[in-house]
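**Student:** Keeping their order, the protein sequence lines are chains P and B. Numbering follows our numbering, in which position 63 of the first sequence is assigned residue number 88; successive positions increment by one, without gaps. Numbering follows our numbering, in which position 16 of the second sequence is assigned residue number 41; successive positions increment by one, without gaps.
None of these hints come from the bench; they were simulated from the model. Don't take every hint at face value.
No distinction is drawn between identical chains; accordingly, a pair holds when it is met within one copy or between any pair of copies.
Said to hold, decoys possible - Calculated pairs, DSS-like style, for lysine-lysine (alpha carbon to alpha carbon, straight line, at most 27 Å):
hint: 1; residue 1: Lys-185; residue 2: Lys-53
hint: 2; residue 1: Lys-153; residue 2: Lys-182
hint: 3; residue 1: Lys-48; residue 2: Lys-182
hint: 4; residue 1: Lys-48; residue 2: Lys-87
hint: 5; residue 1: Lys-185; residue 2: Lys-88
hint: 6; residue 1: Lys-123; residue 2: Lys-87
hint: 7; residue 1: Lys-93; residue 2: Lys-153
hint: 8; residue 1: Lys-52; residue 2: Lys-153
hint: 9; residue 1: Lys-122; residue 2: Lys-57
hint: 10; residue 1: Lys-48; residue 2: Lys-88
hint: 11; residue 1: Lys-57; residue 2: Lys-183
Owing to the predicted nature of the structure, the values given are computational and were not obtained by experimental measurement.
Each chain, written out:
2 protein chains.
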Amino acid sequence: MPKINTNFNNRTVEYEQLLSDFKLLLKKNNLKFTIQREVILETLYNSDEHLTPEALHHLIQKKEPDLKTGIATVYRTLALLEESDVVTSLSFGAQGKKYELGAKEHHDHLICTECGKITEFVDEEIEKRQHVITDELGFAMSDHSMQIYGICAACQKKLKIEGK
Amino acid sequence: MPKINTNFNNRTVEYEQLLSDFKLLLKKNNLKFTIQREVILETLYNSDEHLTPEALHHLIQKKEPDLKTGIATVYRTLALLEESDVVTSLSFGAQGKKYELGAKEHHDHLICTECGKITEFVDEEIEKRQHVITDELGFAMSDHSMQIYGICAACQKKLKIEGK
DNA sequence: GTCGCTGCAAAGTCTTTGCAGAGAG
DNA sequence: CTCTCTGCAAAGACTTTGCAGCGAC
Numbered sequence: 026m027p028k029i030n031t032n033f034n035n036r037t038v039e040y041e042q043l044l045s046d047f048k049l050l051l052k053k054n055n056l057k058f059t060i061q062r063e064v065i066l067e068t069l070y071n072s073d074e075h076l077t078p079e080a081l082h083h084l085i086q087k088k089e090p091d092l093k094t095g096i097a098t099v100y101r102t103l104a105l106l107e108e109s110d111v112v113t114s115l116s117f118g119a120q121g122k123k124y125e126l127g128a129k130e131h132h133d134h135l136i137c138t139e140c141g142k143i144t145e146f147v148d149e150e151i152e153k154r155q156h157v158i159t160d161e162l163g164f165a166m167s168d169h170s171m172q173i174y175g176i177c178a179a180c181q182k183k184l185k186i187e188g189k
Numbered sequence: 026m027p028k029i030n031t032n033f034n035n036r037t038v039e040y041e042q043l044l045s046d047f048k049l050l051l052k053k054n055n056l057k058f059t060i061q062r063e064v065i066l067e068t069l070y071n072s073d074e075h076l077t078p079e080a081l082h083h084l085i086q087k088k089e090p091d092l093k094t095g096i097a098t099v100y101r102t103l104a105l106l107e108e109s110d111v112v113t114s115l116s117f118g119a120q121g122k123k124y125e126l127g128a129k130e131h132h133d134h135l136i137c138t139e140c141g142k143i144t145e146f147v148d149e150e151i152e153k154r155q156h157v158i159t160d161e162l163g164f165a166m167s168d169h170s171m172q173i174y175g176i177c178a179a180c181q182k183k184l185k186i187e188g189k
C-alpha cells in the first residue's frame, strides 16, 4: 500500500471537521468511504477512553448490529487510521494496543493506584524538555506518553481516616 | 553453574546481590532455585538491551546449549520475575513485550517505531517537574513511566536513502 | 521422598491474510 | 463497470497450559 497522504494535525477538532478531513484523505489516496469506516471513526470520536480493537468492535456491534462489522475490518481500519496519523496507538503496560483519536489534545496521565482514577495534565516544561532531549539525539519524536502512578489526594485522606 | 560476572559497570546492583535477593525471594515463596532460573537472571543481567522473551531464549540456548531450556520456562520465569518486581516489561508499538532488569537506575525510554530500538535517558528537569506537579495536586507519587516514540537517527537516514 | 519445575506439544489469544462476493465511485 | 472493501475463515505470531518425568531440598 502506498504511503498515505494526510492533512491532519494535533488540534482538537469537531466531528464534522474530522469526518470531512477523513473523506478528503480517502479521496486523495483513491480509497473508498464506507459505512464501516465511518462508524469506526465515529465510535472512536465518541469514546473518551483508549480502546482496544476488540472493545471498539464490541461498541460497534452494539451500536450498529445490522452491519455485522468484522473484527478484521476494525483492525484494517485502525491500521489505516494510524498510518494516516488520525489515531494513535499506545501500549499501556499489560496487554494489547489501545487506540485513541490523535486529533484530541495531547495530555499525560496521573493514575491513582487506589481508586483507579485517571487525571489528565499537560506541563509545558516537560514538553519542552522532551524536545530538547530528542533534538539532541537526532530523534524524530512522533508521540510520547507519560504516566505517573501514586495515590490521589482523596484516597490519601480516605486511607488516613481508615487508619491504614 | 554459570560464572559470576564481575565486570565493572554503573549498575546500581551487583549481580551477587541480585542473585542472593532472588534466592531469598524464592525461599520466601517456597519456590525452587533452578539452573534455568539462574541462567535467565544472569542473561538478563549481562544484557545491555531490552530483550524479548524470544531473544532471551536464543541467548540462553547459545550460552548453555546443553540445558535445552524451553521457551515456556523463559516465559514462566519472566512472569515470576516481573511479579516480583525484579524485571520490568515494556510494550512498544508493534508487537510483543520487552524485558529489562528493574534493579537498574531509574530511566525513561526513547522508542524507535521503525526498528524497535529502545534508548534510555534520565532528565533531571523532568524528574523535578513531576514532583512539582504531584505536590501541587497533593498526589503521592510512587512511580512513573515515560516513553517517547519516534524514529531514531539511524532509521531516519535509512528511510531517506530508500526514498520514502 | 515430596512437591515444585521443566520440556514438549497442544491449546489459547490476538492479529493478519486470502478469497469471492458486495458495494462505492 | 471497475476496483476497493468487506466478512468469513484459515493462517500466523506470540503466549500459556496440561502432563509426565525430573530434580531441588
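**Student:** For every hint, state whether the structure bears it out.
**Tutor:** Taking the hints in turn, this is what the structure says about them:
no.: 1; hint: Lys-185 - Lys-53; verdict: between (54 Å within a copy, 23 Å between copies)
no.: 2; hint: Lys-153 - Lys-182; verdict: between (34 Å within a copy, 25 Å between copies)
no.: 3; hint: Lys-48 - Lys-182; verdict: neither (46 Å within a copy, 33 Å between copies)
no.: 4; hint: Lys-48 - Lys-87; verdict: within (24 Å within a copy, 51 Å between copies)
no.: 5; hint: Lys-185 - Lys-88; verdict: neither (38 Å within a copy, 44 Å between copies)
no.: 6; hint: Lys-123 - Lys-87; verdict: within (19 Å within a copy, 35 Å between copies)
no.: 7; hint: Lys-93 - Lys-153; verdict: neither (45 Å within a copy, 49 Å between copies)
no.: 8; hint: Lys-52 - Lys-153; verdict: neither (36 Å within a copy, 47 Å between copies)
no.: 9; hint: Lys-122 - Lys-57; verdict: within (26 Å within a copy, 35 Å between copies)
no.: 10; hint: Lys-48 - Lys-88; verdict: within (22 Å within a copy, 53 Å between copies)
no.: 11; hint: Lys-57 - Lys-183; verdict: neither (47 Å within a copy, 32 Å between copies)
In summary, the structure is inconsistent with hints 3, 5, 7, 8 and 11 from the numbered list given earlier, while agreeing with the others.
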